[in-house]
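There are 2 protein chains.
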Amino acid sequence: MDNPRVTIRDVAARAGVSIATVSNVFSGNKPVNADLRARVLKAADELAYQVDRAASQLRSGQARVVGVLVPDLDDVFFTSLVSQLEVLAQKDGYDILVASSRDDLGLEQSRLRTLLAWRPSGLIAVPCSDALPEALRHEIGRLPIVFADRVPPEGSVVDTVAIDNREAGEIAARHLLAKGHRDILVAASSLAISPIRERVRGACDLIRTMLGREPTVIELGSNADRGAAAFLHWLERHPQPSAVIALTNVTTLSTLSALARMRIDIPDPVSVVGFDDYPWMSARKTGLTAIRQPIAEIAEAAWNRLRARMAGDQAPPTHSVLQAGLQARDSVRDLAAGPERGNSHDPDPHPNLEGAAASPKAVH
Amino acid sequence: MDNPRVTIRDVAARAGVSIATVSNVFSGNKPVNADLRARVLKAADELAYQVDRAASQLRSGQARVVGVLVPDLDDVFFTSLVSQLEVLAQKDGYDILVASSRDDLGLEQSRLRTLLAWRPSGLIAVPCSDALPEALRHEIGRLPIVFADRVPPEGSVVDTVAIDNREAGEIAARHLLAKGHRDILVAASSLAISPIRERVRGACDLIRTMLGREPTVIELGSNADRGAAAFLHWLERHPQPSAVIALTNVTTLSTLSALARMRIDIPDPVSVVGFDDYPWMSARKTGLTAIRQPIAEIAEAAWNRLRARMAGDQAPPTHSVLQAGLQARDSVRDLAAGPERGNSHDPDPHPNLEGAAASPKAVH
DNA sequence: AGAAGCCTGTTAAACGTTTTACAGAAAAAC
DNA sequence: GTTTTTCTGTAAAACGTTTAACAGGCTTCT
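Order-wise, the sequence lines are chains A and B. If you're matching positions, the first sequence starts at 1 in full-length UniProt numbering and goes up one per residue. If you're matching positions, the second sequence starts at 1 in full-length UniProt numbering and goes up one per residue.
Hints listed in this document are in silico derivations from the structure and should not be mistaken for laboratory results. These figures come from a predicted structure and were not determined experimentally. Using N, Cα and C, we set each Cβ at its ideal position, and we do this for glycine too.
Straight line, CA to CA, 16 Å or less: simulated EDC-like cross-link-like pairs of lysine to aspartate or glutamate:
| id | chain 1 | residue 1 | chain 2 | residue 2 |
| --- | --- | --- | --- | --- |
| 1 | A | K285 | A | D265 |
| 2 | A | K42 | A | D10 |
| 3 | B | K179 | B | D268 |
| 4 | B | K91 | B | E300 |
| 5 | A | K179 | A | D268 |
| 6 | B | K91 | A | D104 |
| 7 | B | K285 | A | D268 |
| 8 | A | K285 | A | D268 |
| 9 | B | K285 | A | D265 |
| 10 | A | K179 | A | D334 |
| 11 | A | K285 | B | D265 |
| 12 | A | K285 | B | D268 |
In silico negatives: residues of chain B with every beta carbon more than 12 Å from chain A:
| id | residue |
| --- | --- |
| 13 | A12 |
| 14 | V17 |
| 15 | I19 |
| 16 | N33 |
| 17 | D164 |
| 18 | D183 |
| 19 | T209 |
| 20 | R213 |
| 21 | D313 |
| 22 | A328 |
Let the hints inform the model, and build the full structure from the sequences given.
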């Protein structure tokens with residue numbers, strides 16, 4: 001009852017073959033005769049044999065594990081990403097090692113180091129700054145790496161997958177402008193994060209062009225509660241905007257929390273365009289109009305790129321850019337249509353004029 | 001520029017010591033003279049040496065990795081758990097290997113097998129059925145295992161950590177009864193899941209005792225959208241209840257979605273007690289009254305148990321039971337206070353009479 | 001029929017660590 | 001002054017697998 005550990009040698013003995021044959025049966029590295037194969041499988045099954053990944057990896061150098069590094073495991077956006085990646089990886093026989101950098105450069109560095117110590121066959125990361133993490137510098141040509149979501153603005157030495165963030169901001173702004181909003185507040189998480197800067201730029205550029213004046217931009221951070229407090233603080237000492245664009249799912253939460261606490265209704269007097277699309281956004285009386293990121297496609301693109309690299313693709317880095325779309329619901333008031341006040345009783349959501357279908361588009 | 005891999009041997013050569021000494025420096029297994037130690041560290045740093053975990057693990061049998069298995073990586077409850085566990089594990093120098101069973105027994109089996117192939121030093125799992133997964137049967141005395149959240153009702157052969165689910169259901173029911181509600185609907189995810197059955201039992205027992213009749217129980221599944229559709233379907237062909245208890249965070253979402261789509265207001269005419277406590281629950285005009293699970297404490301208890309086991313604790317399995325509490329907000333109407341209708345303009349949430357502080361309580 | 005080529009299976013040598021057994025030097029005990 | 005003990009470092013043997021090199025038994029080709 002207390003057999004210490006069953007190895008390939010035990011299986012070989014029981015099946016009456018050499019250990020190499022057993023290895024070949026499991027790794028599929030060399031073909032093996034059908035009935036021998038059956039004998040081996042039977043023996044392995046009876047002994048409840050499992051190949052030891054450490055030994056396997058040590059000898060072969062092949063890890064069948066990929067590291068996944070994200071900035072925050074409490075942010076649904078990132079966990080959705082992890083969830084999708086787990087499914088894709090599992091389909092291809094890979095396990096995933098997840099680590100969170102908690103948006104801290106030092107922690108990112110150390111988490112990367114420990115991930116690399118596993119000698120993974122690949123790495124998918126959402127880095128927490130624009131600079132290439134020091135720990136990855138030496139790995140550039142060696143280890144397949146894909147950056148997702150947060151990609152350096154000036155191109156990267158590794159493969160990247162992200163949405164067109166500038167356009168995402170623009171879509172939000174265009175929607176509000178089309179509905180007659182003139183006093184738009186832009187709520188960002190942090191301008192230190194380049195995709196956020198891009199979203200802000202997209203929104204601000206359009207607003208400036210159309211209205212000839214700069215919208216106000218505020219930073220609410222990456223924590224919903226603290227963000228809500230910050231926004232509350234802002235609301236108390238500034239005139240109420242007619243609409244706010246939240247550029248992140250947690251900023252959306254912060255915005256809604258603060259508005260709720262101030263007992264300010266949506267979409268009248270304040271309209272809101274949120275970011276990302278999660279069940280809670282439609283689980284409310286006035287569903288949230290939001291910019292939808294195609295998370296499944298981001299994950300898929302990242303995985304496909306990583307898989308190609310792991311298979312030996314040596315082409316220069318590619319940068320996939322996916323499209324975000326507008327998910328129109330009821331949180332934006334139509335000021336252009338007419339001056340009627342109060343909650344709209346019109347059950348029809350506004351049609352989506354902007355064309356929201358997400359489709360991949362390879363660049364560079 | 002293309003050195004293939006730097007091993008302990010290279011470091012030893014450069015530092016002018018034996019490989020055993022280098023190993024001792026890094027593993028801390030045997031003390032080593034201070035200046036030798038410094039030489040080794042310097043050499044290692046210059047070569048950017050990293051110990052190879054596969055080799056290390058193969059020889060020592062020590063993995064410094066723990067497997068984490070959850071039923072659904074898109075459910076915030078589980079990802080919060082993973083997030084907390086990642087922090088705790090990292091603090092103790094462990095990495096985590098995450099896998100999702102997607103609530104499928106077969107997948108759970110296969111995911112467990114691949115986790116076990118890593119020979120992890122421990123395993124934290126939220127199983128998807130009451131039965132001990134077949135893959136774990138052989139590991140019982142060998143591998144430290146902790147089950148969290150979903151624990152078999154009749155005790156378990158492994159350590160478990162969970163909340164008092166019966167009481168959680170009871171608290172929700174008591175709150176509604178105290179507010180004068182008589183027509184209560186219980187929305188569960190799936191009665192196949194034992195903690196859900198317990199919550200249902202807690203709520204139903206109390207309601208039966210107080211009111212002398214059985215409340216209606218419906219199953220909405222573990223997907224928010226499908227659950228919303230199911231509840232909508234139910235609402236269309238049954239009389240409106242005065243209150244609904246949602247026993248899961250996704251059932252809460254389903255419930256709110258369906259009510260929103262029916263344009264039924266909260267808390268009047270329908271009150272809602274939700275489950276779990278997430279930012280989106282307070283990011284609404286009428287904040288959600290909900291049963292709060294102490295996720296951080298669940299994670300901590302699970303990790304502490306696992307750590308003790310990994311350190312060699314051989315005591316019989318323990319079963320920690322934590323307390324859930326009521327987070328009172330504005331989604332429950334007070335029918336007892338008076339017959340006034342319409343949205344309450346009273347900004348004060350009802351005081352929490354039930355005593356919500358969560359505290360660990362060891363059992364068995 | 002004999003040589004050449006393919007299968008299919010085996011033997012043995014890695015892979016990079018940890019760890020046991022041991023050796024030499026310094027310190028302590030007699 | 002010798003012996004014992006303690007301390008530090010080293011040599012070498014694992015750990016369980018993959019894989020290169022090889023060895024037979026076939027088929028296939030001259």
